[in-house]
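**Q** Given next are the chains, with one letter for each unit.
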Amino acid sequence: MIYWGGNPAECHPRHFTKYTIMQKGKYTQNGRKDRTMVLVDIRETPSAKAANLFLQIRPGKDFELITALRALIKGQRVNEDAVNETGLPLSKLEELVAKMKAARFGVIFFGMGLSMTRGKHMNSAAVLMLAAEMNAFTKFVAMPMRGHGNVTGADVVMRYTTGYPFGVNLCRGYPRFNPGEFSTVDLLVRGDVDACLVLGADPGATMPQPGIDHLAKIPTIVLDPKVTHTSRLARVHITTAATGVSAPGTVYRMDEIPLPLRPALKSPYPTDEEVVRRIREAVKRRPAWLPGRNGKAVM
Amino acid sequence: MTLNIVKNATCTFCGCVCDDIELHAEGEKIVETKRACSLGESWFKHHTAERLFPDALIDGHPATVDDAIERAADYLVAADMPLVYGLSNVTCETQREAVSLAEMVGGVIDSHTSL
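Residue numbers (the working numbering), protein chains in the order written: chain A, 9 to 307; chain B, 15 to 129.
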C-alpha cells in the first residue's frame, strides 16, 4: 500500500490499525508482516516511521513522478535527468515499481498533499491512471484520504441524485458538471454566485481571501452547530444539532460504506436535515423560478 | 445524574468514520470516549448539548428559527445563481434535502471535494 501526500499517523490516527496495515486478512494472516507500506511525501512526517520505504520528493513534483512511474511500469525508457528533478534517483523508482508489481493487491491512498498542491486535479487524475494501468500486472486500486466526516457521502448522494459527484450546476433545470467552472472556489473568486447556503463547512476559515470577500458581499446563510467565521460575515445563521453527537442519520466512510450514527446527546437545536427541509418548504410557497417546477423536485 | 452509555457509536470527525466507539454521556456532555483516537475524543467532548449560541442570527442579531428560515428562503429565491456549499459534516439525509433545494432554486451544489 502506498500513501501519497498524506500523514495518516496524525490526520487519520486509526487508519493504520483499524483499516490498513495492521489488520489481518484472508490472504494476509500475519497482518503487518505480510504487507509492504510505502510513503511518498515532501517531508518526513510521523507516518514515515510506519513505512517500509519512505520516498521524500521535491515539492510540486508529484505529477512528474507519477508520469515517470507510469512509463516505468510499462518498461518504457525515461530520461534520468528528468527523473532526478523529482528529488529521487531512478533506482528508487525502479525499487518502487518492483514492489508494486510484486504486490498481490495494491492500493494508493492519496491525500491533500497530492490533490491540493501544484497540478491539483491533474495529479489526482494521474494517480488514478497509474492505479488503472497497474491492473495489467496485478490488482490495484486508488482511494482518496477524505478529511471531513461525511464528504464521501456528499459525493455518493450527488452522484445518485444528479449523476455527478460535486460542483453540479442546476441553473438550467438539469445537471451540468464542470470542475473549474462550477466549483465553489472558482465561482466565489470570480463573483458568479449571488447567494450562498453554507452547511457542514466553514469556508470563512478555509477559503482564499477573495472568495471570503465575495461571501461577505452576497447574502450568505449558514447552518452550523456553532457561530463560525462564516456566520460572522453571513446575513443569516441558524444553529443546528451536531452531526453524530446529537443529530442522527447516515454517513459514508471513505471507502463508501454507509454507517448509521448513534447520537449520545439530545440537542436543544433542530437538525440540519429539519432546517434544510423547512427552507425547501418555504421556497415552495414562493413563486417558481421556472414555471411548473416547484413541488416536483426530482429525488 | 444518570450515565447514558452508547455502544458502537460512529465518529464523524475524519473520513475514517470509526463505528466502534463507546460513548458515556452525562447530562449535556460526553465524558468518556472509549476506543476513539485523540482527534475523535476532542471532537466528542467539544460538542455538548448546552444552549451556548442563539437559535438563529439575522444580520448579526438574535432571531427566531422561523424568521431565519423565511429570510433564507427569500434570499435563495431572489438569487439568479445561488450556491449550496459544504455538505461535509452533515448526514446523507441532509445532503438529499440540500440537492432537492438546490434544484428547486436553480443553483449550484458543491462539496469540499472540489476545494
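In short, the hints are calculated from the structure, not lab data.
Among these hints, one or two may not hold up.
[Said to hold, decoys possible] Derived, one-sided and incomplete: chain A residues facing chain B with beta-carbon distance under 8 Å:
no., residue
1, 17
2, 24
3, 160
4, 165
5, 173
6, 185
7, 218
8, 235
9, 288
[To be verified] Below are the DSS-like pairs computed for lysine-lysine, each with C-alpha atoms no more than 30 Å apart in a straight line:
no., chain 1, residue 1, chain 2, residue 2
10, B, 48, A, 274
11, B, 43, A, 32
12, A, 34, B, 21
13, A, 26, A, 57
14, A, 69, A, 100
15, A, 292, B, 48
16, A, 26, B, 48
17, A, 107, B, 59
18, B, 43, A, 82
19, A, 274, B, 59
20, A, 234, B, 59
21, A, 26, B, 21
22, A, 274, B, 43
23, B, 21, A, 292
24, B, 43, A, 234
25, A, 225, A, 274
26, A, 41, B, 48
27, A, 32, A, 107
28, B, 21, A, 32
29, B, 43, A, 26
C-beta atoms are modelled at their ideal positions from N, C-alpha and C, and glycine is treated no differently.
**Q** Each of the hints needs a verdict: does it hold here or not?
**A** Each hint tested on the structure:
The interface hint given for residue 17/A is violated, since its Cβ lies 10 Å from the closest Cβ of chain B, which is over the 8 Å cut-off. Restraint check, residue 24/A versus chain B: the minimum CB separation of about 10 Å is more than 8 Å; hint violated. The criterion of a C-beta within 8 Å of any C-beta in chain B is met by residue 160/A, whose closest approach is roughly 6 Å, and the hint holds. Taking 8 Å as the C-beta cut-off, the interface hint given for residue 165/A holds, the closest approach to chain B being about 4 Å.
With a cut of 8 Å, the hint placing residue 173/A at the interface with chain B holds, because the nearest CB-to-CB distance is about 6 Å. A cut of 8 Å between beta carbons decides the hint on residue 185/A: the least distance to chain B is about 10 Å, and the hint is violated. Checking residue 218/A against chain B by beta carbon gives a least distance of about 15 Å; that is not within 8 Å, so the hint is violated. Hint status for residue 235/A relative to chain B: holds, with the closest Cβ pair at about 5 Å, below 8 Å.
The interface hint given for residue 288/A is met, as the beta carbon of that residue sits about 5 Å from the closest beta carbon of chain B, less than 8 Å. Only pairs whose Cα atoms come within 30 Å are accepted, and residue 48/B paired with residue 274/A is accepted, the gap being roughly 20 Å. About 36 Å separates the Cα atoms of residue 43/B and residue 32/A, which puts this hinted pair outside 30 Å; it is violated. For the proposed pair residue 34/A and residue 21/B, the alpha carbon gap of about 27 Å is at most 30 Å, so the pair holds.
Straight-line distance between C-alpha atoms of residue 26/A and residue 57/A comes to about 17 Å, which keeps the hinted pair within the 30 Å bound. The straight-line distance between the Cα atoms of residue 69/A and residue 100/A is roughly 15 Å, inside the 30 Å bound, and the hint therefore holds. Distance check on the hinted pair: residue 292/A and residue 48/B sit about 45 Å apart at the alpha-carbon level, beyond 30 Å; violated. Taking the CA atoms of residue 26/A and residue 48/B, the gap is near 14 Å; set against the 30 Å cutoff, the hint holds.
A threshold of 30 Å between alpha carbons decides the hint, and for residue 107/A with residue 59/B the separation of about 42 Å lies outside it, so the pair is violated. The suggested pairing of residue 43/B with residue 82/A is violated, with an alpha-carbon distance near 57 Å, which exceeds 30 Å. Proposed proximity of residue 274/A and residue 59/B is supported: the alpha carbons are some 14 Å apart, at most 30 Å. Under the criterion of a C-alpha separation no larger than 30 Å, the hint pairing residue 234/A with residue 59/B is consistent with the structure, at around 14 Å.
Between residue 26/A and residue 21/B the alpha-carbon distance is near 17 Å, which keeps this suggested pair within the 30 Å criterion. Pair hint residue 274/A plus residue 43/B holds up; C-alpha atoms about 10 Å apart against a cutoff of 30 Å. Restraint check: the Cα-Cα separation between residue 21/B and residue 292/A comes to about 40 Å, which exceeds 30 Å; the hinted pair is violated. A distance of roughly 16 Å separates the Cα atoms of residue 43/B and residue 234/A; the hinted pair therefore holds under the 30 Å criterion.
Between residue 225/A and residue 274/A the alpha-carbon distance is near 35 Å, which puts this suggested pair outside the 30 Å criterion. Straight-line distance between C-alpha atoms of residue 41/A and residue 48/B comes to about 28 Å, which keeps the hinted pair within the 30 Å bound. About 20 Å separates the Cα atoms of residue 32/A and residue 107/A, which keeps this hinted pair within 30 Å; it holds. A distance of roughly 24 Å separates the Cα atoms of residue 21/B and residue 32/A; the hinted pair therefore holds under the 30 Å criterion.
Proximity of residue 43/B to residue 26/A is assessed by CA-CA distance (about 27 Å); at most 30 Å being required, the pair is judged to hold.
In this structure, the earlier hints numbered 1, 2, 6, 7, 11, 15, 17, 18, 23, 25 are contradicted, and the remaining ones agree with it.
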